[in-house]
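Please build the complete structure, drawing on both the sequences and the hints.
Listed in order, the protein sequences are those of chains A and B.
Going by the working numbering, the first sequence opens with residue 3, and the numbers climb by one from there.
Going by the working numbering, the second sequence opens with residue 15, and the numbers climb by one from there.
Since the hints were made in silico from the structure, they are not lab data.
Hints should not be assumed to be uniformly reliable.
[What the hints assert, rightly or not] Facing chain B, a subset of chain A residues (Cβ under 8 Å, in silico): (1) T124; (2) P283; (3) A320.
What you are looking at is a predicted structure, and each value in this text was computed from that prediction instead of being measured.
Don't be surprised by glycine CBs; every beta carbon is placed ideally from N, CA and C.
Here's the letter readout for the chains.
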Amino acid sequence: MITSGKKATLLLANGMEFSGYSVGKQGTVIGEIVFATGMTGYEETLTDPSYYGQIVTQTFPLVGNYGTNSFDKESDKVYLSGYIVREWCELPSNFRCENTLAHFLEEQNVIGIYGVDTRALTKIIRESGVMNGAITTEENFDKEKLLEEIRAFNIVNAVKSVSCTEPKEFKSKEGKRKVCLFDFGYKYNIREELLKRGCDVTVVPYNTTAKEIEKMDIDGIMLSNGPGDPNENVEVIENLKEIMKLNIPTFGICLGHQLMALANGAKTEKLLYGHRGANQPVVDVDLDRTFVTSQNHGYAVIADTISEDLGYVSHKNANDGSCEGVKYKHIKAFTVQFHPEACGGPQDTSYLFDEFMTLIDGEDK
Amino acid sequence: MPLRKDLKKVLVIGSGPIVIGQAAEFDYAGTQACRALKEEGLEVVLVNSNPATIMTDKAMADKIYIEPLTLDVIKRVIEIEKPDSLLSTLGGQTGLTLSMQLAKEGFLDSHGVKLLGANPETIDKAEDRQSFKDTMEKIGEPCIPSRVETTVEGSLEFASEIGYPVIVRPAFTLGGSGGGIANNEEELREIALNGLRLSPITQVLIEKCISGWKEIEFEVIRDSKGNVITVCSMENFDPVGVHTGDSIVVAPAVTLSDKEYQMLRTASLNIISELKVEGGCNCQFALHPESMEYAVIEVNPRVSRSSALASKATGYPIAKVAAKIAIGYSLDEIVNAVTGKTYACFEPALDYIVVKFPKWPFDKFVYASRKLGTQMKATGEVMSIGTSFEQALMKAVRGAELKVDSLNMPMMMAMSDEEIKNRIHPADDVRMFAVFEALKRGMSIEEIHNITMIDEWFLGKLKNLVELEKWLADGELTKEKYNYAKKWGYLDSTIENMSGQKIPEEFKRSASYKMVDTCAGEFAAETPYFYSTYDEQNEAKEFIENKDSGKKRVIVFGSGPIRIGQGIEFDYCSVHCVWALKELGYEAVICNNNPETVSTDFDTGDRLYFDPLTKEDVKNIIETEKPYGVVVQFGGQTAISLVNYLDELGVRILGTQADSVDAAEDRERFNEVLEKCGIPCPKGETVFTAEEAKESANRLGYPVLLRPSYVLGGQNMIIAHSDQDVDEYMEIITRTKLENPVLIDKYMMGTEVEVDAICDGKDFVIPGIMEHIERAGVHSGDSISVYPAQTLSQKIIDTIIDYTGKLAFALKVIGLVNIQYVVYDNEVYVIEVNPRSSRTIPYISKVTGVPMVDIATKIMLGETLQDMGYKTGLVPNADYVAVKVPVFSFEKLHNVDTHLGPEMKSTGEVLGIAKTFEEALLKGLIAAGHKILHKGGVLMTVRDTDKAELIDIASKYEELGFDLYATSGTANKLNNEMIATNVVSKISENKPNSAMDVINEGKISYVISTSAKGRLPAKDSVKIRRKAVERGIVCLTSLDTANALADCIAMNKTINDIDLVDITKI
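Take a look at the structure:
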């Protein structure tokens, strides 16, 4: 990559600057800077709605090696705000490659920066926690003014911004079960895993109510992943309290897991810098087995707030012991913090979708 | 699950001598395993025939047997030591195969020994071709169409079914020995025959050839609970068809999308789960470049060369974790030593890219076929780490010590476009350089891809380097250009050459260092493991500042890739030096680039720099470390060649100074030293041209020894008997530009003696004198070496002691010195002095009990021999005789003449220890893999000058009951002496009953073959020797060896009659 692009700057809320070059769209964008450690799956990361409002740094230095394609998207478009890489690949190579990373970012209106020492940046975030920042391609930007804006930035209405507004149905081949998938910013592969298992899936908006659910005659509820602070979703939490009373088998992932916990009176906390990668070990307490999982979250359910009456922590992060899953006692529900649907990342916990099927089928009998 | 309570005493089997396909990586794995076991308070019993290893060190195990790795020996060790368990998966294929045999025979059960690591069922499922295929089919993992065959006819039949080309893979052989790709019936006939013979169970797999697919590997770990993780993925630059040990490899895989990556990752986990491996496992896949189709190529249910690479590439200690799993722990119980915060069930995330580059022995074996295929040929490898592929590749190439600092290879630059096109396929050792040259000449990526099937991604990266170099050469050297070149791994000197301009001082920048932490920066790690790059932040510098212990820092330079002449023994020395430094209260810093070794384990030194050992790379490290001193004495020629440069930089060199090294290497200065000491040496001169050489040779009198003045492992050395020999040699050597003169010496055919000594400037100590069985003329590394010397008179020994002291003092040696003598007509002559550690240090340290490297290190830092209780002179002989026997990898290298000479050919060594010389020799020969038979035939074909001397030897074999066979000249001579000898015809005569026929008929147990000239594969003598290799017949190319072997056979003992020795009790 001999041709250097236009200069670009990454400005952090603490005033630190990294200079690099522009990739993708030009302009200025502010967001919450997080780092992701997966070594493959950048297209999945880019199209994961959970990154809404965030500027994502890839810790692996070579990004775009296999280009992008139309099969690996996890949503209709890119929701993250900005993208930071050390190096993007001009000559990607893969039989499914349709586009270079740079073109893709441009098409998706994503402002990116390359040529940054992403390890140095990662270490800053690791030490100080998630930090706001901005990428700008302006040569003479007003640093003080931009800093003010950076510091004032907050991700709001995240779920609403990424959720669909109308229900949409997807038919499976076998049509064995009907599942309603709450779209808090769901990843396509959650839907695919359900379709694969013979579930007809109705994707519904985030604010769908218990009454609406009741009318749908469904066998199971899938609470999806999604962006932002779970506590912000007051309306959804209230809805869930009602929905639980319908006693429909429920499986929650990531934000869905957090919202379910909040609806049951448990609490969540913001992690210093979250878990974002494809290598997080999680212990399944029931199986006494450790699985490698794909993760992307900045908030977590506080384990102590899951009372004995409510249920138990079914999954724990093997590294920091944080809560990675809950099995509820009084309702037919279990939720996990990580991503059993993978994409990107390991498929080792896809068995949880099978467990969801068992939960549903047990109900029929 | 915690440590199993039923384990107290574990037997560990090592991998034996270094051969192609099984090298230092198993010393690394074995050492890690032994340490992991000892950490748990278990008693460790070790058996390994390789004395040059760290794992056979007293610190590593409680009982150590340096004994032949045969079933009988292991059984006896089990009977003596009564271990309760056997760890099978850390000693390479050798250790695994032995363990499996012991288990299958029921020997382990009947002796109450539990098999740890893998069970026979697992091993069979992975290694027996048919059961592997069945297993894969059962779990739905695709295999390549293939069938197990036990005959040549069956092989031909199946091949015609699936179509050519086909790959032949013999079952249970090392590094794929005897395999190959057959394009037609004729080729298959030959390869299948050879493969069937080499396979211990006479089985080959005939397989559809999928050359051109991507080759991807995963390193996987599983525990007894069933937890599974992948440690690392790797992608080969060379597509399927080139053995992975001969491929340039990158980690992690780079051209796979997440879908493909996860598909293969999941397949790996399915495979290891089905095989129920408890420990490490390597899975190799072929992935179709234009679809999601893939096939499992091979699974190794044990630690391997790839797992060593993966460990170094990620910082995840696979062997250590595998050992802990074997004794009961699960992955979620083992803390990741790198972060201290995460557990072993965490998959490493990399934030850099790793390149592995093989090191081939073709500089030594000029007639060997350089073509790369399914048979591994590399002796070693280097690894490099960078923030870009370009940077990592550039570091790997210069670290491989190929005499190039970029991808521009002079040989390629001289070729025509057509020649270049022909060089890019099929693959050989310099293929990448040809590809680079092709790109430079404008050949398109697409065209090269179509010919080579190398992925466009790699070609695109090489093209980047082409573009950069053009840019550098074009116009003024700007700061932007300079910075670009630095980030892509170019040395300042290379940038100056390419741009034709001096780099302005204000541009120049020193490398910064980043940490290898297994987690891409997610957690604060404490690993002192660094690589260089060009960024602002210098993590090594911060590390040093934050952790400043107030201790003085010393850098130890390692020995780079394993090659013939510079093997694992230098790693042994480097590691011992580090240990000694730590013990003395210094901070020991290692710089090395060999991923197979113990020295590059991140917890060997206080800090590890995984970088090449070139001047600039070393200078950068020095700028960051600001060491008190540096050590170059233990890293072989690689490290010692830095000494002048380091001296110029003003760095404190610990031990022998640069000037002394120069005095020993510079011919004239060395002669002055000898003269001053009154020590004779063979007469010699220096010459530049063939004419000068012939004049000089005639003045000295033939035979003469010719060699370049800069020598490593006897590179390009010959003994010339005539003007014609001199002409031939000078023609070869002057093909490349002669910068240094050629040395020509009177060749004295006497007894060769070798001494390693330690000197502190006041006193010197010789732990032992070694005598070579083969007389001078055979390279010391290829000779059978005996300690203590067996035939020298006290007067000679006294002279050697006297000369050693004089030379050590005259050369101002502080530390180690290795001196080679020749005893000729009762006179002692000096052949060579190396003021550094040598190949024999580990073995002599172990058998004499004198920790030479420890002592030398202490001396460098000011202690004296006297302080340590050593007296000047020779240490009294030990009670045992130790015989070091070289081991060759001739089966792996077709067309290489096995005749030993002044040029070193062995890749490794074994040791035999016993009460008598003959017993020790027998052990050594058996350990080296020789089939010692007490009956059969001896085929003799020797050069004229050897014929007279052969008589006594032949008569010994006759008395021992062997049938003698010889070609007419030799046979007549022997028959005239009343030694009944059968006449065989020469191969070239094309008559019945030829030398080749008697070998093929299985009549021959030993071949004694010497020739005045060899090397050319077309010669009869070379053909006979090659045939012996192929048929596994002991072939002796020196009469001295033949004589010693006869004495050994005359004992009429087998290995079972000789006591086993626990060397910790010596």
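Hint check results:
{"no.": "1", "hint": "T124", "result": "holds, 4 Å"}
{"no.": "2", "hint": "P283", "result": "holds, 4 Å"}
{"no.": "3", "hint": "A320", "result": "holds, 5 Å"}
When each numbered hint is compared with the structure, no violation occurs for any of them.
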